[in-house]
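The listed protein sequences derive, respectively, from chains A and B.
The opening residue of the first sequence carries number 1 in this note's numbering; numbering runs sequentially from there.
The opening residue of the second sequence carries number 1001 in this note's numbering; numbering runs sequentially from there.
Treat the hints as calculated values from the structure; they're not laboratory data.
Fair warning: this is a prediction, and the values are worked out from it, not measured in the lab.
Misleading hints may appear alongside valid ones.
[Said to hold, decoys possible] Listed below are the simulated EDC-like cross-link pairs for lysine to aspartate or glutamate, each with C-alpha atoms no more than 20 Å apart in a straight line:
1. B:Lys1266 x A:Glu221
2. A:Lys288 x B:Glu1263
3. A:Lys217 x B:Glu1263
4. A:Lys286 x B:Glu1270
5. A:Lys217 x B:Glu1078
6. A:Lys2 x A:Asp161
7. B:Lys1212 x B:Glu1270
8. B:Lys1085 x A:Glu221
9. B:Lys1007 x A:Asp264
10. B:Lys1255 x A:Asp91
11. A:Lys217 x B:Asp1220
12. B:Lys1255 x A:Asp308
13. B:Lys1192 x B:Asp1220
14. B:Lys1007 x A:Asp161
15. B:Lys1255 x A:Glu305
16. A:Lys2 x A:Asp138
17. A:Lys286 x B:Asp1149
18. A:Lys217 x A:Glu341
19. B:Lys1022 x B:Asp1149
20. A:Lys162 x A:Asp264
21. A:Lys330 x A:Glu221
22. B:Lys1266 x A:Glu305
23. B:Lys1027 x A:Glu259
24. A:Lys69 x A:Asp91
25. B:Lys1084 x A:Glu259
26. B:Lys1010 x B:Asp1102
27. A:Lys92 x B:Glu1166
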Amino acid sequence: MKKFVTYSDLVGIIKNIIGYEIIFPTTSRHFKVLKTVEDLNLLNLNVIRPIEPIKQFFFPAKESLMYEKKDLKQIILGVKSCDIQAIEVLDKIFLSAPADNLYQNYRNNTILISCDCILPEETCFCSIVGGKPYVEQDDGVSDLNISFIDENNLILESFTDKGEEFLKHYFSDFDLPKNSDELKRNSNRTVSSKKVIEYNAEFIKEDKKGKYYKTVKYTYELDEIWRKESDKCVQCGGCNFICPSCYCFLIREASISSENQYRDKVWDVCHFTGYARVAGGANPRKYKYQRFRNRYQCKFVYRYENFDFYACTGCGRCIEVCPARIDIRKVVISLVLAKGEQVLV
Amino acid sequence: MNIYQPKNFKIIKIIDETPNIKTFVLKPLNGDKFTFQTGQFIELTVYGVGEAPFTPSSSPYHTETIDVTIMRVGRMTEVLHSMKKGDVVGIRGPYGKGYPVDSFVGKQVLIIGGGVGLAPLRSLLLTLIERISEFKKIILCYGARTPQDIVYKYLFPEWSKIKGIEILRSVDKCQPGEWDETVGVVTCLLDKIDIDVKDTVAVVCGPPIMMKFTTLKLIDKKFKPEQIYLSMERNMSCGLGKCGHCQIGSYFICKDGPVFTWEQLKDIPEPFE
Ligand SMILES: Cc1cc2nc3c(=O)[nH]c(=O)nc-3n(C[C@H](O)[C@H](O)[C@H](O)COP(=O)(O)OP(=O)(O)OC[C@H]3O[C@@H](n4cnc5c(N)ncnc54)[C@H](O)[C@@H]3O)c2cc1C
Ligand code: SF4
Ligand code: SF4
Ligand code: FES
Chain A
1 MKKFVTYSDL
11 VGIIKNIIGY
21 EIIFPTTSRH
31 FKVLKTVEDL
41 NLLNLNVIRP
51 IEPIKQFFFP
61 AKESLMYEKK
71 DLKQIILGVK
81 SCDIQAIEVL
91 DKIFLSAPAD
101 NLYQNYRNNT
111 ILISCDCILP
121 EETCFCSIVG
131 GKPYVEQDDG
141 VSDLNISFID
151 ENNLILESFT
161 DKGEEFLKHY
171 FSDFDLPKNS
181 DELKRNSNRT
191 VSSKKVIEYN
201 AEFIKEDKKG
211 KYYKTVKYTY
221 ELDEIWRKES
231 DKCVQCGGCN
241 FICPSCYCFL
251 IREASISSEN
261 QYRDKVWDVC
271 HFTGYARVAG
281 GANPRKYKYQ
291 RFRNRYQCKF
301 VYRYENFDFY
311 ACTGCGRCIE
321 VCPARIDIRK
331 VVISLVLAKG
341 EQVLV
Chain B
1001 MNIYQPKNFK
1011 IIKIIDETPN
1021 IKTFVLKPLN
1031 GDKFTFQTGQ
1041 FIELTVYGVG
1051 EAPFTPSSSP
1061 YHTETIDVTI
1071 MRVGRMTEVL
1081 HSMKKGDVVG
1091 IRGPYGKGYP
1101 VDSFVGKQVL
1111 IIGGGVGLAP
1121 LRSLLLTLIE
1131 RISEFKKIIL
1141 CYGARTPQDI
1151 VYKYLFPEWS
1161 KIKGIEILRS
1171 VDKCQPGEWD
1181 ETVGVVTCLL
1191 DKIDIDVKDT
1201 VAVVCGPPIM
1211 MKFTTLKLID
1221 KKFKPEQIYL
1231 SMERNMSCGL
1241 GKCGHCQIGS
1251 YFICKDGPVF
1261 TWEQLKDIPE
1271 PFE
């Protein structure tokens, strides 16, 4: 179902939604929880994905395993395509049998409203790793999508039953978009996609032949490149924490007794030395470069082999956060070059 | 109740196996039965201390209690070893895929264990014994560091009486006069047995270095990669294919294993690291 809506209509309706916690992106690129109507002055649907990872709304950094969860109903507004893709990765992990019921509960109680990107930035590389800067029906988990036609007018399109219900409930009085509106939307989308590709001109510009996969898979012999690329890495784990599709966690046991139990689930980091250490101190990834390499392999090789899509969404958060200014795209390029292959496939 | 929640079990018996290995007999506090397939593992919690993966060493045909044979190696196992009969621990599971016993039917089963690695293999052996007529022959090769380090000493005499089972043991070193069986690493036992490789599956569990050399030896003896079953060990947390800790290549050991064939692992660089 599609509707033609103005921006001020949309904001007006959001103001009046009750029974949901509404989360939205701000101009300074943070997720904000709507508390008062004035908060909506900060709303900006045209920034790239927020700084914080979207996983926090389904997979909090630290979560007690001891209490029954209240059913918190949430609407996340303005979710970018890369973050929709990140949720797909998390779904594969957490919803595969037996489903993690904590995660499942959040997911079932969330309405995801995605939004096309009009203004990609230099850190964006969604289009290179199998994505694109907008979401369509088949792309997965978005319930409802917003496309800007121009500054003031937009198309709302539902993808799921949840999304359709939402449209029917709040937007039944609105008209269908005109054919010309859809054409304008499509051309906006083409412009954004081109922009992402332009920004990546010096990196791999397309991945039609699974270049990321092949490059990272067959590089065990390139130990010295991995050592060099990881040299400046300080193992802070920033990239793991900020990554929307890094799902690793640890179950911490901290009970007082068998009657008085406490345990929680906390984000974990494959860059940390203790992550893979086993009894007696042996460690399958004892060197920094091995742990650094593992993160790339997890995203571009292992999960790709499992799911047929990358576990990196191209959101660029890790590029932004890294104190050593390591750029995931540059690392891959170094490997391509070290293998004597061409960068621009 | 979430999927990471353990159930309480009471320690009803503790058997001293070696100076640093004990077998704990555990019974569900609520009187439930505990069912598992041989080779599957559990996550065991010492409340307030930690949680770690172990493989039951008892027969899956016995569901009233389970045995877990545990070596004292670190933080959590240290505390576990100081626990007493009557104390309560937590258990989640069983997790993973066990040994594909049905596919061993009609074959010779060569079981090779090192140290505390005999724990899951004891469970397998007890399973095979229940159905002994279905297998051509069972050969157990077991190696320990010294005669004192041998687990289940009291069971070997019983097992060697069973028709269809051949047992060979070795120790790495011993005092003069202390040991009249083989001295040497466990792989040297493989030179002493007469097997028709075509018709045999090999099941291996032990420390990484032992698994590595045993695998090499088996390949040397013309075992095909898919005839070699290995129990892999990695750091684990969730046991359910979610937390990421146990990954090896594109496998999660907890979910896709812990038992793998060499066929599955052979292309993964340094699987025994
Ligand atoms: C599938 C499987 C089956 C196994 N079966 C058996 C068996 O039958 N018998 C047996 O003896 N052993 C078995 N093991 C090995 C056993 O799990 C280890 O010996 C056990 O984890 C040691 O725990 P520890 O705390 O005493 O050792 P430690 O060396 O102290 O710790 C072991 C690991 O836990 C981590 N760790 C320690 N403390 C914490 C903490 N507070 N929070 C988070 N992580 C921590 C360490 O970093 C290290 O990676 C098995 C392992 C696997 C994977
Ligand atoms: S990576 Fe793509 S989808 Fe994500 S914010 Fe940038 S342009 Fe939008
Ligand atoms: S690896 Fe970096 S670019 Fe890829 S999804 Fe994670 S944070 Fe985004
Ligand atoms: S132990 Fe968590 S994924 Fe295997």
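Results for each hint:
no. : hint                  : verdict
1   : B:Lys1266 x A:Glu221  : holds, 16 Å
2   : A:Lys288 x B:Glu1263  : violated, 29 Å
3   : A:Lys217 x B:Glu1263  : holds, 19 Å
4   : A:Lys286 x B:Glu1270  : holds, 13 Å
5   : A:Lys217 x B:Glu1078  : violated, 40 Å
6   : A:Lys2 x A:Asp161     : holds, 13 Å
7   : B:Lys1212 x B:Glu1270 : holds, 10 Å
8   : B:Lys1085 x A:Glu221  : violated, 52 Å
9   : B:Lys1007 x A:Asp264  : holds, 16 Å
10  : B:Lys1255 x A:Asp91   : holds, 17 Å
11  : A:Lys217 x B:Asp1220  : violated, 28 Å
12  : B:Lys1255 x A:Asp308  : holds, 19 Å
13  : B:Lys1192 x B:Asp1220 : holds, 15 Å
14  : B:Lys1007 x A:Asp161  : violated, 38 Å
15  : B:Lys1255 x A:Glu305  : holds, 16 Å
16  : A:Lys2 x A:Asp138     : holds, 15 Å
17  : A:Lys286 x B:Asp1149  : violated, 29 Å
18  : A:Lys217 x A:Glu341   : holds, 14 Å
19  : B:Lys1022 x B:Asp1149 : holds, 11 Å
20  : A:Lys162 x A:Asp264   : violated, 31 Å
21  : A:Lys330 x A:Glu221   : holds, 19 Å
22  : B:Lys1266 x A:Glu305  : holds, 16 Å
23  : B:Lys1027 x A:Glu259  : holds, 17 Å
24  : A:Lys69 x A:Asp91     : holds, 19 Å
25  : B:Lys1084 x A:Glu259  : holds, 17 Å
26  : B:Lys1010 x B:Asp1102 : violated, 32 Å
27  : A:Lys92 x B:Glu1166   : violated, 46 Å
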